[in-house]
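Chain by chain, the residues:
Number of protein chains: 2
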Amino acid sequence: MSRRYAILAPGRFAVDAKTAHGVIRYGTDEIVAVIDPSNAGRRVRDVLAYLESDAPIVESVAQALQFSPNALLVGTAPKGGGLPPEWRGAILEAIGARLEIVSGLHEILSDDREFRVAAGAAGTTIWDVREAPEVPLFAGDVYDVAAPVVLTVGNDCAVGKMSVSLELVRAARNAGKKARFVPTGQTGVLIAGWGISVDRVIADFAAGAAEQLVLYAAHEGADLIVVEGQGAINHPAYAAVTLALMAGCAPDALVLVCDPRRVTIESYPTPALGYAEAIAIHEALLKTLKPANVVGIALNTYGLKPDEARSEVARASEITGLPADDLVRFGAERFYQTIASRIVKRPPLTVATHR
Amino acid sequence: MSRRYAILAPGRFAVDAKTAHGVIRYGTDEIVAVIDPSNAGRRVRDVLAYLESDAPIVESVAQALQFSPNALLVGTAPKGGGLPPEWRGAILEAIGARLEIVSGLHEILSDDREFRVAAGAAGTTIWDVREAPEVPLFAGDVYDVAAPVVLTVGNDCAVGKMSVSLELVRAARNAGKKARFVPTGQTGVLIAGWGISVDRVIADFAAGAAEQLVLYAAHEGADLIVVEGQGAINHPAYAAVTLALMAGCAPDALVLVCDPRRVTIESYPTPALGYAEAIAIHEALLKTLKPANVVGIALNTYGLKPDEARSEVARASEITGLPADDLVRFGAERFYQTIASRIVKRPPLTVATHR
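Protein sequences appear in the order of chains A and B. The first sequence begins at 478 in the working numbering and counts up by one. The second sequence begins at 478 in the working numbering and counts up by one.
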């Protein structure tokens, strides 16, 4: 059964409802309404034009019900992943209306006794997208995958690694490739309908989870595998997840996704890396795991004027000597065509080949 | 109540019973017997002299019981952390004899229905040392810790990072410091009686766990904090845990622990890093998080002849220009005295100080 989502993002829709935005732009499920009193009466397109959606924004779950949703999507993933307590009422109301509850929070809603009991009584279910399955340790089988693997990395969280990955896959398919997107976070999983939130896996097994995802995509017959990256290599909290993906996916090429306006990593004092620094540290690490290069820079110029955006694209390309573009804003085809020849399978390190 | 351990390591005691060895050498609990049929009749000292223990090695749980243990320690942590199925019988026998079961496996024994029911019936308990508590996300509070933080890193797993950390703490205490060991793995937790197996924490929270551990040590009044490292920065499976510790502990200095005979990372094709490479990649990463240098090389020369060991120590020092020694074999005092002046508090990165 396909989902007809009401998306819960009270007060957050225009601010940081990354999950909501991703599902609206890239998902195949229908969005019937967004619940956000601070924008009620408008349409999604009026608030965020690039989402290209006419879904109405309403005040409450009760109002959303007139559009006949069959699922409520918790539309944001706040830092730490807890459920804002003031959202409990809306979720219970949706359960009472027999909507399926779909959540990408770290806080597992089906572990919550009140939600579980209510869902049981109403005869509906809770899908905790982020709940990770048990996975094996990294085994090295990923080194035998024939299709080249591209991993997106970035200068911070929430700069557009998932969007760039999806745009690259779309462009590669338009160019005739059997390209496959590999979801590694809750929004990606919601969009693709499979995958693992690698950040939710027990640390020892995170690289193993990444390996399993690439193996699955290869098994499905992909000839190009594009893995959604997570975090940032110098993110004080999430760097471990970034490195688990770099090790576990054994990428053959990286695409560096940067929001040029980031000064620090989220709200930490840690400075966000510049283009050259970011390329150097990722390539130095991969040299110790399985060598791969950054083959292009995908910029997130959202909020910059068109001429500012084009000038930043030119600057990134000049500094790095690599193709650069904003794939969401200016389209991914040209960028993909430029980097395609650089995406080639590279063998794993062995003692014999190591210097 | 203090523990009197029988240690279960059938067929593994001389091979890879890292947990057993650590607890015997550095723990404060009594070891009354080791269960390993392949060495039965000998004493621990006869098999592994450096453990300096006269505990008898016996054939079975039944034989161990004559030495009045009150706890059974599962003495090894196999790759992936599962319980070897052929050990179930011994554990059930120990439960039947009302021993507490203490395990550092990833596989949580108290989640096993048969063990749980048996323990309940016998009136004894199961302590899963590796089970991780819920921890907050990394917050940056660790940047305010006044005591310098030293983190051990290494060229592979199981090269002696915990032992070196414990030896450094002992030497620093002998020199009058209020030094504190921070345990980050199951053996360290067993020895110190507190800590978190960081490899068992959900990946997003692993750096947060490391931060909490350092904050705890600081709160206890330490003026030098030595954190046991995990994995290796280019370990295909465990690199994420290594980096979580580098980010979460915000170390002021690193000690690089190397087994010079490692050619590859465990059984992966990935080459183990040489001294200079290892220093370069760790320092490059920390430069993006909070700058810190490697201040010395602690070698694990176990198995080398004394002259070979001394020559390798000299070679490491010559290549790196840093103090080098085997702290377990030759004592930690001299090494500690040499590096002490280099262990100084270093401020966190901020945008203002970043280049």
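Just so you know, the hints here were simulated from the structure itself, not pulled from any lab data. Please note: incorrect hints may appear among the correct ones.
Here are the simulated distance ranges between beta carbons [said to hold, decoys possible]:
(1) S537/B / P613/A: 25 to 33 Å
(2) A598/A / I585/B: 25 to 33 Å
(3) P613/A / R520/B: 36 to 44 Å
(4) S537/B / D493/A: 36 to 44 Å
(5) W671/A / I585/B: 26 to 34 Å
(6) E810/A / Y779/B: 55 to 63 Å
(7) D700/B / E697/A: 52 to 60 Å
(8) H696/A / G573/B: 40 to 48 Å
(9) D523/B / K822/A: 33 to 41 Å
(10) G653/A / E563/B: 27 to 35 Å
(11) A623/B / K556/A: 22 to 30 Å
(12) E563/B / D621/A: 25 to 33 Å
Restricting the straight-line Cα-Cα distance to at most 27 Å, the calculated cross-link-like pairs of lysine-lysine (BS3-like) are [to be verified]:
(13) K822/A / K655/A
(14) K764/A / K556/B
(15) K822/A / K764/A
(16) K655/B / K822/B
(17) K822/B / K654/B
(18) K654/A / K782/A
(19) K764/B / K822/B
(20) K764/A / K655/B
(21) K764/B / K556/A
Keep in mind the model is a prediction, meaning the values are calculated, not measured. Backbone N, C-alpha and C define an ideal beta-carbon position, used for all residues, glycine too.
Hint by hint, here is what the structure shows:
1. A C-beta distance of roughly 32 Å is found between S537/B and P613/A, which places it inside the suggested range of 25 to 33 Å.
2. Taken as a hint, the range 25 to 33 Å holds for the pair A598/A and I585/B, whose Cβ atoms sit roughly 31 Å apart.
3. A hinted range of 36 to 44 Å for the beta carbons of P613/A and R520/B is consistent with their spacing of about 38 Å.
4. Taking the beta carbon of each, S537/B and D493/A are about 60 Å apart, not inside 36 to 44 Å as hinted.
5. Restraint check, W671/A to I585/B: a C-beta distance of roughly 27 Å satisfies the suggested window 26 to 34 Å.
6. In this structure, E810/A and Y779/B meet the distance hint of 55 to 63 Å, their C-beta atoms being roughly 58 Å apart.
7. The given range of 52 to 60 Å is respected by D700/B and E697/A, whose C-beta atoms sit roughly 56 Å from each other.
8. The beta-carbon spacing between H696/A and G573/B, approximately 46 Å, falls within the hinted interval of 40 to 48 Å.
9. About 52 Å separates the C-beta atoms of D523/B and K822/A, a value inconsistent with the hinted range of 33 to 41 Å.
10. At about 53 Å, the beta-carbon gap between G653/A and E563/B misses the expected band of 27 to 35 Å.
11. For A623/B paired with K556/A, a C-beta distance near 27 Å keeps the hint of 22 to 30 Å intact.
12. Taking the beta carbon of each, E563/B and D621/A are about 31 Å apart, inside 25 to 33 Å as hinted.
13. A distance of roughly 16 Å separates the Cα atoms of K822/A and K655/A; the hinted pair therefore holds under the 27 Å criterion.
14. As the CA atoms of K764/A and K556/B are separated by approximately 25 Å, the hinted pair is consistent with the 27 Å bound.
15. With a C-alpha separation of about 15 Å, the suggested pair K822/A and K764/A falls inside the 27 Å cut-off, and the hint holds.
16. With a C-alpha separation of about 16 Å, the suggested pair K655/B and K822/B falls inside the 27 Å cut-off, and the hint holds.
17. Pair hint K822/B plus K654/B holds up; C-alpha atoms about 15 Å apart against a cutoff of 27 Å.
18. For the hint linking K654/A to K782/A, the alpha-carbon distance of about 33 Å lies beyond 27 Å, and the restraint is violated.
19. In summary, the hint linking K764/B to K822/B is supported, as the alpha carbons are separated by about 15 Å, within the 27 Å threshold.
20. A distance of roughly 40 Å separates the Cα atoms of K764/A and K655/B; the hinted pair therefore is violated under the 27 Å criterion.
21. Note on K764/B and K556/A: the hinted pairing holds, with a Cα-Cα distance of about 25 Å set against a maximum of 27 Å.
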